[in-house]
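Which chain is which? The protein sequence lines are A and B, in order.
Read left to right, the first sequence gives residues 1 to 170 (this note's numbering).
Read left to right, the second sequence gives residues 1 to 463 (this note's numbering).
By construction, these hints were calculated from the structure, which means they are not laboratory data.
Note that the coordinates shown come from a computational prediction; the quantities given were computed from them, not determined experimentally.
Treat the hints with caution; some may be incorrect.
Claimed, not checked - Some but not every residue of chain A turned toward chain B, in silico, with C-beta under 8 angstroms:
hint: 1; residue: Ser15
hint: 2; residue: Asp91
hint: 3; residue: Ser102
hint: 4; residue: Ala135
Using N, Cα and C, we set each Cβ at its ideal position, and we do this for glycine too.
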Amino acid sequence: MFENQVVNFDEIPKSEEVSFVSLHNDYGKIVKFNSAVTFILGVAVAVVLYFLIEEAEKFYGIATVLLLAGLLSILPLLSYRRKKYAFRKHDVLFKKGLLYKSIHISPYIRLQHVIIRQSWLAKRLGLATLSLYTAANNHSDISIPGLTLEEAERWKSFLLNRLQDLEDES
Amino acid sequence: MLLFAVKREMYNKYLIAFIIIAVLFTFAFKIINYLYFSYEVAGDELIIRKGWLNRSKTVVKFDKIHEVNLNQKFIHKIVGLYLVNIDTAGSASTEIVINGIDYHKALAFKAVITENVSRVEEQVEADDDQNIAIIPGEEVIKIGFLSLVKIGLTRNYLQTFGLLIAFSFQIVDQVQDFFYKGQDHSVYDDLSDISYQQYIGFIGIVLLVGVMIFVILFNLLRTLLTYYNYKIVLKEQQLTVSYGLTDSHIVSVPSAKVQMFQFQQNYFQKAMNLYEVKIKQVESEEENKKKKGIVVPGADFNELKRIFRVVFNMDLDTTGNFFKPGKGLLLLKFIWLCIPALIALFVMYLTDYLEFAWLVPVLFLLIYLLICIGYRNERLVFKDDFIILRKGIWDLSTTVLHIDKIQKLSLEQSYFQEKKQIGSLNLHTAAGEVAIYYYDFNMLRRAADEILYKIEKNKHSWM
Numbered sequence: 001m002f003e004n005q006v007v008n009f010d011e012i013p014k015s016e017e018v019s020f021v022s023l024h025n026d027y028g029k030i031v032k033f034n035s036a037v038t039f040i041l042g043v044a045v046a047v048v049l050y051f052l053i054e055e056a057e058k059f060y061g062i063a064t065v066l067l068l069a070g071l072l073s074i075l076p077l078l079s080y081r082r083k084k085y086a087f088r089k090h091d092v093l094f095k096k097g098l099l100y101k102s103i104h105i106s107p108y109i110r111l112q113h114v115i116i117r118q119s120w121l122a123k124r125l126g127l128a129t130l131s132l133y134t135a136a137n138n139h140s141d142i143s144i145p146g147l148t149l150e151e152a153e154r155w156k157s158f159l160l161n162r163l164q165d166l167e168d169e170s
Numbered sequence: 001m002l003l004f005a006v007k008r009e010m011y012n013k014y015l016i017a018f019i020i021i022a023v024l025f026t027f028a029f030k031i032i033n034y035l036y037f038s039y040e041v042a043g044d045e046l047i048i049r050k051g052w053l054n055r056s057k058t059v060v061k062f063d064k065i066h067e068v069n070l071n072q073k074f075i076h077k078i079v080g081l082y083l084v085n086i087d088t089a090g091s092a093s094t095e096i097v098i099n100g101i102d103y104h105k106a107l108a109f110k111a112v113i114t115e116n117v118s119r120v121e122e123q124v125e126a127d128d129d130q131n132i133a134i135i136p137g138e139e140v141i142k143i144g145f146l147s148l149v150k151i152g153l154t155r156n157y158l159q160t161f162g163l164l165i166a167f168s169f170q171i172v173d174q175v176q177d178f179f180y181k182g183q184d185h186s187v188y189d190d191l192s193d194i195s196y197q198q199y200i201g202f203i204g205i206v207l208l209v210g211v212m213i214f215v216i217l218f219n220l221l222r223t224l225l226t227y228y229n230y231k232i233v234l235k236e237q238q239l240t241v242s243y244g245l246t247d248s249h250i251v252s253v254p255s256a257k258v259q260m261f262q263f264q265q266n267y268f269q270k271a272m273n274l275y276e277v278k279i280k281q282v283e284s285e286e287e288n289k290k291k292k293g294i295v296v297p298g299a300d301f302n303e304l305k306r307i308f309r310v311v312f313n314m315d316l317d318t319t320g321n322f323f324k325p326g327k328g329l330l331l332l333k334f335i336w337l338c339i340p341a342l343i344a345l346f347v348m349y350l351t352d353y354l355e356f357a358w359l360v361p362v363l364f365l366l367i368y369l370l371i372c373i374g375y376r377n378e379r380l381v382f383k384d385d386f387i388i389l390r391k392g393i394w395d396l397s398t399t400v401l402h403i404d405k406i407q408k409l410s411l412e413q414s415y416f417q418e419k420k421q422i423g424s425l426n427l428h429t430a431a432g433e434v435a436i437y438y439y440d441f442n443m444l445r446r447a448a449d450e451i452l453y454k455i456e457k458n459k460h461s462w463m
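Could you put the whole structure together from the sequences, leaning on the hints where they help?
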């Protein structure tokens, strides 16, 4: 039942050598918008704290909130350019992370379904997110943001075709 | 006044009438549900019809069925009926429940669905002692009362201890509500007074020993009740397990649907040649509280090997070249451990409790020793198509994962790990995640490429 053929190691394709594609430039706008919203919310919370609390110690709390809001809004700005993807013949790769780098790899043969999602801003910019679901727990699945809607739809049909092919072969 | 009383009486009457009607209605609905529920096996499909006004018809193909469980709650046991749970692949939460089938039908049902053979008749003819009928050619592993006692004495200390802590807080709170209501000081003050006065005294030791004995006895009782009369039937490609004293369960799992295989052993169990085996299946997202799969509370090494053979059609072999996490892990954990230690010292300094400062280094060393033991125990083996990861401090658990069961993988590396060529590999399966943390990154990358290569080339299905 189990095949276990001897393989020359050089035959195995290396995931290191894959050339990745960056996300669409307009994706930066979405990230910037989200960062701005996060920062404004942080400032709003700080202002509310300023007027609500009487004690002098409130400045510690306000400083923490501002620092947190600043970090949460700056980190995505720095790291979004690191998000890259690649479709190979048998699997899809998605790379991300600035300080904590990760590559997620999902073989097509294990895909369950493919979904295209658009937020309202992405819709205005003509962008879409392609989410690939496997039978593993859902929150760990790959979703590639910052594709144009056309790209996303073409990749989706490519994936569905590949899935069909793989099903026919096995 | 009188009027009010009359009104009140009227009101009471209405209430009683309302309750009676509600009860009657529920009864009626239950009976209607019962009358309009039917199941049918047609060809390779199971058809379930239910509902009176809203009729529904569910059709399930046998090959989409993961697992068929026969359960008996206490009431079922008295009446002699079974509750059949059928788990299907695909949508996570649609599980089919057939409540109240008699023993013969339930068994026949299970046999038809799980193996689709005509041997059913023969099987139903067999004995009626609430056990699985045995067909020649099957292997049976039984766990006797004595070994169950042994198992009960040695397993799950931590889990029980956690339960106990949760319980004791509740008990203390109850005491607080009952005796200390309206008083200024709380039960915690008295408790801390007593424990402060003689905190290394006699009472402490008695309490500790008492708790330990209680944990052990509680564990023993729990194990005996749940796993009483434990029996595994090993057939080709199929495992069937039956157990339970007050609630009984019969679970069968086809080997192709097994997602992960785990066995664990602590130092006591090692001395007695006992393993706890966990066979994991697809976890549904919505009902994570309901664990699926099979737990064998105790099996010796030979039985473990036999179970493994049935599941994977291969011999269990965990030996071979092994990898270990990078040595830097020990340094990293040392630094991480320093943070809570320093915080504790700082808090003690602020609250003038510095006379207890000696506790911090002692605890620090103890925990670090445990971490070192954990490091020594951890090893990773790639063997044929299996990934075998052993880890643990007290309970040594070994996870055996077949490459075909991997759904997705991710390679991760932090900025600091980059220079040291260290990283981690996460293998996501339908039964959870296997994290290989802090190993040589080049090795992991090669392993990941090889895993992908095998999955994509072999094109085996994962269930």
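Here is how each hint holds up against the structure:
no., hint, in the structure
1, Ser15, "6 angstroms, holds"
2, Asp91, "6 angstroms, holds"
3, Ser102, "4 angstroms, holds"
4, Ala135, "4 angstroms, holds"
Going down the numbered hints, you'll see the structure goes against none, and every one checks out.
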